[in-house]
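Modelling step: build the complete structure from the supplied sequences, incorporating the hints.
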Amino acid sequence: MPSCDAIVIGGGINGLAAAGRLALSGAKVTLLETAPELGGMATLAHLCMGLDPRLEKSLALADHGLVWAERNVSSTALSPDGNHIVLKGAFAETVEGSLSAEDRRAWTSLRDTLLRNAALLAPFKAMPPPRLARDHGTPLLDLLRNGLALRRMGRDNLREFLRLMLINVADVLDDELADDRLKGLIAFDTVLGHHAGPRSPNSLLGLYHRISSEVNGQQGAIALPRGGVAAVIAALAGAVRARGVTIQTGARVKAITAEDDRVQSVTLESGEIFTTSLVVSALHPATTLLSLVGAPVLDTGVVRNVRNIKSRGSTAKLTLTLQGKPDFHGADLRSRLVIAPSVRAVEEAFNAVKYGAFSEAPVMELLLPQAFSTEPDLGRHTLSALVQFAPHDLRMGWVKGKPAFLKAIMKQLEHFAPGIGKQVIAADLLTPHDIAQHFGAPGGQWHHAELSVEQMLFLRPGVGLAQYATPVRGLYLASAAMHPGGGVNGSAGWNAAGHALAKGGAA
Amino acid sequence: MSRYDAIVAGGGHNGLVTACYLARAGLKTLVVEKNDWVGGAAVSRSLHPGFTYSNCSYVSSLLRPEIMRELELPKHGLQILPYEGGAVFMKGGGYLAMYRDHEANRREFARFSPRDAESYDRYSRDVLRHCRFIRPLLLRTPPDPTSFRPRDLSELAFLGRKLFAMPEKDIYAMIRFWTMSISDFLDEYFETPVIKAYLAVSAIIGTALGPMSPGSAYVLLHHYMGDVDGNIGAWGFARGGMGSITQALMASFKAAGGEVRTGSGIEKILVRNGRTTGVALANGDEFTAPLVISNMDVKRTFLKHVEERDLPPAFVKSVKRFKIRGSSGKVNIALDALPRFPALPDDSPCIRGDMHFTDSIERLELAYDDWKAGHFSRDPFLDMMIPTTTDPTMTPPGKHFMSCFVQYAPPKIEGRDWTDADRDAFGQTVLNQIEEYSPGFKKLVLHAEVRTPRELEAEVGLTEGNIFQGELTFDQLLFNRPVPGYAQYRSPIEGLWMCGSSTHPGGGVMGAPGRNAAAEILRSLKKPAAMGEAYAVL
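Protein chains in written order, with our numbering: chain G, 71 to 577; chain Y, 575 to 1112.
FYI, nobody ran anything at the bench for these hints, they're computed from the structure. A quick note: this is a predicted structure, and the numbers were derived from the prediction, not measured. Note that CB positions come from ideal geometry on N, CA and C, so glycine has one too.
In silico contact screen, one side only, chain Y against chain G (beta carbon under 7 Å); selected entries:
no. : residue
1   : Thr720
2   : Arg750
3   : Met754
4   : Gly789
5   : Glu939
6   : Asp943
7   : Gly1059
Okay, here's the thing in structure tokens:
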């Protein structure tokens, strides 16, 4: 019976990050991944919107082959008549194209406010969520320091910060800007990956979540690694292996066994058993606690809180293989192309999922990786699209629904790139339901648990579970469902491992 | 030109509440009202011979008991009659009955789902706990979290102590409740669509939110935190219509020596050197006073009746972006006889309560989607009541008055103003919905008054027809209400105060903004003793 200091379950970015941090502390770590490949849901992403710098530095990802093909991918708000605007620099520092002088001024000012407010939230992402109770190990000093930062921003800015904390992005955009293309794009970025429309109260937090992250020290940047997001995973895997982590793929965990509320072992489907006193699971908390540990081991309140975790995925992934380069009315293809013509278009696309239907006019983000490559053009192009909105549980059923949804997406694409339909050689659509099946993420939700206020910070993913620890001693949660949420950044895994170590880990 | 100590601009219930307290503290106080009657949106109007209409607000629960007792409103004729539960009529002929008795409701829920019946206890307990926390905050001025003044700090400390006095898991439960959508919240308790639909409506009444909008659960609390005779969450009719509340307030005000002028509204709030000097009316009259208290909403007050040059630009910007989109309308009907609803047994007490026809959260949300798109709902939500089943004083014997609160109705139709044709179509939609569940209903209609946000704005002066004088979302609650930095009833102009529902804690014929404003004003005059401490603690 093999034994090790720590077992990490799940080889996505958070599992790898957790394994790396545990290994850095000198622990003998084994990482178990069900699939034959590492990466988990990070393989769905085609861009990097924030990579935890602690991870990148401590594990020296650059030494393990992480190179950036583009440190600042621009965003193009596509217009069906070719009148696009292009947002360049980190979080749209400059805007190219026909935009009124008034909107340019207003955008500069709004951008400053949003970046300033988001930056204040960043330090909270690097610490475990505080508990709202005395004498519970809340890092009061950190809290105080972060609180003082709020006070230091000046009274007017603080008031604006508080006003914008729980507001919807649609109202903010309507208050400040006039241009539908710019507003549509920001609204789309705000709700990308979330189960929310721009008009849903509190939606602005989705944007804060994204632009409080950084890549290469640039807040709010979108970057493309050479070789795609897979290259981040490869570098991370290389780095953790170099630090002694044993990685087993194709190893599906069947059970986590506890005795006297303390972790004892991990059993694989194959029957193999690892004895260990520390398990860090990067699987969805519901999978970890209800399927692997089992409800009988837990208390009623815990089970209820886990069952109440909301995980509605509403983003689909489409990969098209095209004969030749598509033409989006002359848009520069070396850019992230966004179809979100107005705030209303994004909101109406969201309406559908409330009733278990997919959007007939979906909004989406497109990327042609070859446009960033120096390789010669061989005539075939891949178009990767993140499409919103589609529900996990389609009322008409996905068997009938999938071709219908693909048709709706193609119709929308045709509107912006006439003739693209004829270029399609192959289409691979992953609905939220497919994503849930492939990656074992209930609901197929990007952040595992929806990133909404009632599932944030000390409420993430549910009451009593926010500090990475579980009622089973030695078992920690490290998935994107944990604070500070998902994205290809590894923060949740890094925090979880850090917290496990601080708590004495296996001891 | 007459001189007063204080002038209240607008004779709605909050204006009258403020005026009462000021008059009782010995200030020579004048209330100015543009209509020929006082009451604002709490009025009884005679619009059809022999019939009294509560044509705006139609039920009462939130009016603070402190105000009722301190201003001796029962002595001045106010009587609140609690009403029996209600019913939701379902597509296909069924119905869900609601009673005033928890156990009866439990049995009714069990008819649909034993699990829901079981959850109902837990649900009621949890919601009551949240009410218990918020009720004492209603009559307190929100502290300014950016201030280091002793009063703000001690008030913040009070809130902190109150919060941390709760068990840790209750704190989390409360924060979740405050930020969730009512739909998600109810999903944690119930499985039956019609039960969820009944419970969800309190979370959307008067707001530009759908039941699936985060933050809507808080609005539910806003409708649950009242009481009738100490019965938390109960609602009642004001005998003689909602105008009885404001008539009692006016009587109380006059008994304290106050003066009321109706028939001409404020044209300008006069400002000299950064402080107010009084008001000029539309009819040319001018009155001077060192204190002017506006009962009008914050947009109307500062964008229409104060010169922009007298205000700081940042304040004007904040007021301009204050969200006050109307979401509801009203259809008031004089009936020849009591309508029959075949789904209800003939002797059902439910006809004395609030009746709805929206039997699922999805239908409610779809109605909201219409609003977002700039239309009135094709399948609207109706909160329908027949107050005359409880209070026969409002109509001739045997006849009835029916009040239909209708949601959703946008302030503008696809960006343009409402027309009379739109209004009539809106009214027809409502009558058709009732007819569907009560065949022959339309033949009973003697007169119907249809009010869209346009009519609410024109008559009552509620900007965009928003019944809460401003939406109840977190960016506009507590220290953000109405705008950051001015949540303590003061305005940037010295001597000019706000007391309407645009201020904390918002609307709903509560009177709390009016009382809180009076408390702040008297404190600034060093007369805090003129007001008692709030005591409504559970």
